[in-house]
Amino acid sequence: MLPQILNQLGPESLTHLKKLAGNVGTLNSVG
Numbered sequence: 070m071l072p073q074i075l076n077q078l079g080p081e082s083l084t085h086l087k088k089l090a091g092n093v094g095t096l097n098s099v100g
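As numbered in the working numbering, residues 70 to 100 make up the sequence shown, in order.
There may be inaccurate statements among the hints.
Pairwise CB distance ranges, derived in the manner of DEER restraints [to be verified]:
(1) Ile74 with Gly94: 28 to 34 Å
(2) Asn76 with Val99: 21 to 27 Å
(3) Val93 with Pro72: 18 to 24 Å
(4) Val99 with Gln73: 30 to 36 Å
(5) Val99 with Gln77: 17 to 23 Å
(6) Asn92 with Pro72: 23 to 29 Å
(7) Pro72 with Gly94: 21 to 27 Å
No lab work stands behind these hints: they were computed from the structure.
All residues carry an ideal CB built from backbone N, CA and C; glycine is no exception.
With the hints as constraints, model all of the structure from the sequences given.
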């Protein structure tokens with residue numbers, strides 16, 4: 070991602086995206 074986008078999202082959104090990415094990775098491993 071571009072740093073500009075990350076700055077616009079902010080720390081909270083970045084953490085949320087990390088959680089989503091973790092969930093997707095878990096689903097892919099299980100499925």
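Structure-based check of each hint:
no., hint, in the structure
1, Ile74 with Gly94: 28 to 34 Å, "violated, 21 Å"
2, Asn76 with Val99: 21 to 27 Å, "violated, 34 Å"
3, Val93 with Pro72: 18 to 24 Å, "holds, 23 Å"
4, Val99 with Gln73: 30 to 36 Å, "holds, 35 Å"
5, Val99 with Gln77: 17 to 23 Å, "violated, 33 Å"
6, Asn92 with Pro72: 23 to 29 Å, "holds, 24 Å"
7, Pro72 with Gly94: 21 to 27 Å, "holds, 23 Å"
The structure shown violates the earlier hints numbered 1, 2 and 5.
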